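Taken in sequence, the protein lines are chains Y and C. Numbering-wise (the working numbering), the first sequence opens with residue 1 and increments by one. Numbering-wise (the working numbering), the second sequence opens with residue 1 and increments by one.
Keep in mind the hints are simulated off the structure, nothing from the lab. Quantities reported herein were computed from a predicted structural model and do not represent experimental measurements. Heads up, the beta-carbon is just placed ideally off N, CA and C, and yes, glycines get one too. Any given hint could turn out to be false.
Incomplete in silico selection of chain C near chain Y, CB under 10 Å [stated by the list, open to error]:
#, residue
1, I13
2, F77
3, R80
4, A81
5, Y82
6, T85
7, T184
8, P191
9, Y320
10, E326
11, H333
12, L334
13, V340
14, Q343
15, A344
16, Q347
With the C-beta cut set under 10 Å, the calculated list includes, among others, these residues of chain Y facing chain C [what the hints assert, rightly or not]:
#, residue
17, M48
18, A79
19, D81
20, E259
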Amino acid sequence: MNAPSNLPANRVYNYAYLDEQTKRMIRRSILKAIAIPGYQVPFGSREMPVPYGWGTGGIQVTASIIGPDDVYKCIDQGADDTTNAVSIRRFFARVADVATTEQTEEATIIQTRHRIPEAPLQEGQIMVYQVPQPEPLRGLEPRETETRAMHAYEEYGLQYLSLYESVAAYGRIAGGAGYPVLVDERYLMSPSPIPKFDNPKLHQSEALHLFGAGREKRIYAVPPHTDVRSLDFEDYPFEIQSWDEVCALCNCDSSYKDEVILDDDGNRMFVCSDSAYCGERRKQGHSGPLAGHALDQLDQPEDAE
Amino acid sequence: MAYVSVKGGERAISNAHAWLDEARRGDTNVPELGVAQIREQLSLAVDRVMMEGSCYDPDLAALAIKQARGDVTEAIFLLRAYRTTLSRFGASEPINTTKMSVARRVSAAFKDIPGGQILGPTFDYTHRLIDFGLSDDKTVPAAPLGDTPVAEHIPAIASVFAHEALLEPAPTDADDGAEPYDLTRQPMAFPAGRDQRLQALARGDEGFLLSLAYASQRGWGNTHPLCGEIRMGEVAVEFTPEELGFPIEVGEITVTECQMISNFEGSAESPPQFTRGYGLTFGHNERKAMSMAIVDRALRHAEVGEAGVHAVQDEEFVLYHSDNVEASGFVQHLKLPHYVDFQAELQFVRRLKKEWEEARANSDTSEFAEAAE
Numbered sequence: 001m002n003a004p005s006n007l008p009a010n011r012v013y014n015y016a017y018l019d020e021q022t023k024r025m026i027r028r029s030i031l032k033a034i035a036i037p038g039y040q041v042p043f044g045s046r047e048m049p050v051p052y053g054w055g056t057g058g059i060q061v062t063a064s065i066i067g068p069d070d071v072y073k074c075i076d077q078g079a080d081d082t083t084n085a086v087s088i089r090r091f092f093a094r095v096a097d098v099a100t101t102e103q104t105e106e107a108t109i110i111q112t113r114h115r116i117p118e119a120p121l122q123e124g125q126i127m128v129y130q131v132p133q134p135e136p137l138r139g140l141e142p143r144e145t146e147t148r149a150m151h152a153y154e155e156y157g158l159q160y161l162s163l164y165e166s167v168a169a170y171g172r173i174a175g176g177a178g179y180p181v182l183v184d185e186r187y188l189m190s191p192s193p194i195p196k197f198d199n200p201k202l203h204q205s206e207a208l209h210l211f212g213a214g215r216e217k218r219i220y221a222v223p224p225h226t227d228v229r230s231l232d233f234e235d236y237p238f239e240i241q242s243w244d245e246v247c248a249l250c251n252c253d254s255s256y257k258d259e260v261i262l263d264d265d266g267n268r269m270f271v272c273s274d275s276a277y278c279g280e281r282r283k284q285g286h287s288g289p290l291a292g293h294a295l296d297q298l299d300q301p302e303d304a305e
Numbered sequence: 001m002a003y004v005s006v007k008g009g010e011r012a013i014s015n016a017h018a019w020l021d022e023a024r025r026g027d028t029n030v031p032e033l034g035v036a037q038i039r040e041q042l043s044l045a046v047d048r049v050m051m052e053g054s055c056y057d058p059d060l061a062a063l064a065i066k067q068a069r070g071d072v073t074e075a076i077f078l079l080r081a082y083r084t085t086l087s088r089f090g091a092s093e094p095i096n097t098t099k100m101s102v103a104r105r106v107s108a109a110f111k112d113i114p115g116g117q118i119l120g121p122t123f124d125y126t127h128r129l130i131d132f133g134l135s136d137d138k139t140v141p142a143a144p145l146g147d148t149p150v151a152e153h154i155p156a157i158a159s160v161f162a163h164e165a166l167l168e169p170a171p172t173d174a175d176d177g178a179e180p181y182d183l184t185r186q187p188m189a190f191p192a193g194r195d196q197r198l199q200a201l202a203r204g205d206e207g208f209l210l211s212l213a214y215a216s217q218r219g220w221g222n223t224h225p226l227c228g229e230i231r232m233g234e235v236a237v238e239f240t241p242e243e244l245g246f247p248i249e250v251g252e253i254t255v256t257e258c259q260m261i262s263n264f265e266g267s268a269e270s271p272p273q274f275t276r277g278y279g280l281t282f283g284h285n286e287r288k289a290m291s292m293a294i295v296d297r298a299l300r301h302a303e304v305g306e307a308g309v310h311a312v313q314d315e316e317f318v319l320y321h322s323d324n325v326e327a328s329g330f331v332q333h334l335k336l337p338h339y340v341d342f343q344a345e346l347q348f349v350r351r352l353k354k355e356w357e358e359a360r361a362n363s364d365t366s367e368f369a370e371a372a373e
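Given these sequences and hints, build the entire structure.
Put into structure tokens, the structure is as follows:
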């Protein structure tokens with residue numbers, strides 16, 4: 001991590017790591033993905049200097065669209081200071097000379113793993129998702145040759161059958177994260193392992209959502225103002241998670257919560273998973289039942305490098 | 001209090017990597033390992049890293065092994081992540097292994113074949129007894145030279161069968177002017193052609209292919225293979241620059257090639273003959289080349305009318321899971337935090353458990369009530 005910066009004077013790698021031809025190839029795939037919302041576009045994914053499964057798809061998408069004027073935010077599990085988000089943010093700060101932020105509103109590109117920020121997204125913003133498994137049907141059918149045919153024929157009966165089996169077994173539709181959606185009433189899509197709590201934020205969003213799966217070599221997209229419907233049944237409508245507890249730090253009663261174990265006696269606190277959102281609320285004077293807890297300090301940004 | 005925050009990663013990462021550097025160096029009273037030492041004395045590890053790293057550069061592979069603390073898969077990953085940034089200025093001419101400067105060449109099919117059997121530098125027939133003398137520095141005498149030099153070109157095994165047409169001819173590429181499939185630029189697609197299959201197997205994890213080949217031998221998709229020929233040595237790499245229009249030699253590389261031979265009883269279209277499986281690796285790696293050849297042949301089951309019911313015959317299973325950079329990354333990504341997804345699962349299981357307990361409590365009371373009546 002102590003490698004030199006990638007400023008033009010001593011640039012070892014190309015701007016934003018990938019060579020320009022590769023970036024063009026990825027941008028063409030992105031354009032195709034935007035033109036066919038929810039369709040998985042195969043692309044010539046490259047090896048990246050982070051392992052597969054750790055964000056290679058999202059990093060390639062970001063690398064191909066980022067420029068020096070962008071403001072880049074990177075989160076993992078909703079937080080800017082989780083180790084992998086720190087690592088990826090440092091990577092782009094180094095190879096793309098880009099300004100970074102933790103404020104959702106300030107960012108032009110927000111790369112994420114497993115969450116959509118709580119603050120509403122705006123026109124012009126791009127969400128970049130790290131996707132471990134782009135194929136929503138993979139859990140039901142292991143063969144790519146089969147699932148591609150199922151998408152081509154819009155044959156999603158297997159998916160509905162799976163939801164029905166879940167209702168029969170558990171009395172409700174199971175599935176907490178990576179809950180399947182139908183995009184523009186045509187393609188079944190995995191929203192990546194975001195909690196279904198975040199699914200409604202994709203519907204008619206102001207922002208562009210790009211999904212990159214590096215290991216599986218697929219890119220897909222949800223353009224702004226696109227219908228995104230979480231699958232359900234009339235008598236078993238889609239529902240999102242909710243908590244009886246408020247955020248222990250900022251008192252928010254509507255955000256997605258992380259559960260933090262406090263000791264060995266079963267005591268726990270619930271805090272906003274979106275650390276930037278929570279910090280902003282605390283700055284505005286909101287205060288939860290455990291305000292002043294050590295975790296309060298940890299969410300404060302450290303000195304930038 | 002047992003809570004340890006997983007947040008606040010900046011300083012943790014820097015410190016962890018400093019510790020890694022220190023751990024890599026080990027005891028500083030012991031002299032540091034040189035890259036040239038790794039290249040010369042751990043050359044088979046270097047060969048494997050070059051092969052699965054898809055980049056023929058012994059110095060770079062040796063450096064990657066040093067950086068990875070001897071973790072070969074990690075070194076392969078380092079080399080891959082470097083090679084992918086290199087710009088490509090063209091494709092070489094196909095190498096010609098019949099023009100190989102042979103250092104080793106054996107056939108298990110015939111007692112003697114044109115060109116002879118050449119054992120070369122091999123572990124075969126060594127007794128696997130730890131040589132305690134190796135722990136001391138000592139001068140190794142040069143190996144004795146034979147009376148007559150090895151023939152410049154040794155004919156390939158196919159020439160032995162040539163008169164009888166008993167061996168299927170080497171598959172030729174379709175003459176459509178298309179570039180060979182390139183998995184480093186194109187995603188996996190099915191059905192996979194021979195070019196795509198062989199590239200995936202060549203880059204594939206040695207251990208994975210070894211186990212698949214072994215399972216095949218044990219009856220899970222057996223092709224009854226026989227080692228027609230293994231040869232190892234140097235081949236010339238030629239490149240045709242556009243401005244010249246004719247090929248020039250740009251260097252030599254060491255490769256290991258394996259031709260596996262299997263029976264084929266014949267079909268309406270093809271006479272009874274022997275079929276082949278093909279393996280090729282950078283450097284000296286017979287285990288990998290032989291495994292690759294067995295798996296290649298097993299994956300051709302449809303061409304020879306064999307039922308494909310086993311894992312080794314399923315190209316989607318084999319090709320999608322042979323890459324250890326992909327596999328290692330994805331398996332180990334489970335170390336990354338998953339607490340957002342886990343929170344969703346916790347909620348779900350808690351709810352199910354609560355309902356289960358309520359249902360149980362209700363049924364207990366109703367049974368009790370019935371019993372009382």
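Next on the checklist: Hints numbered earlier in the text: which of these fail when held up against the supplied structure?
Outcome noted: none
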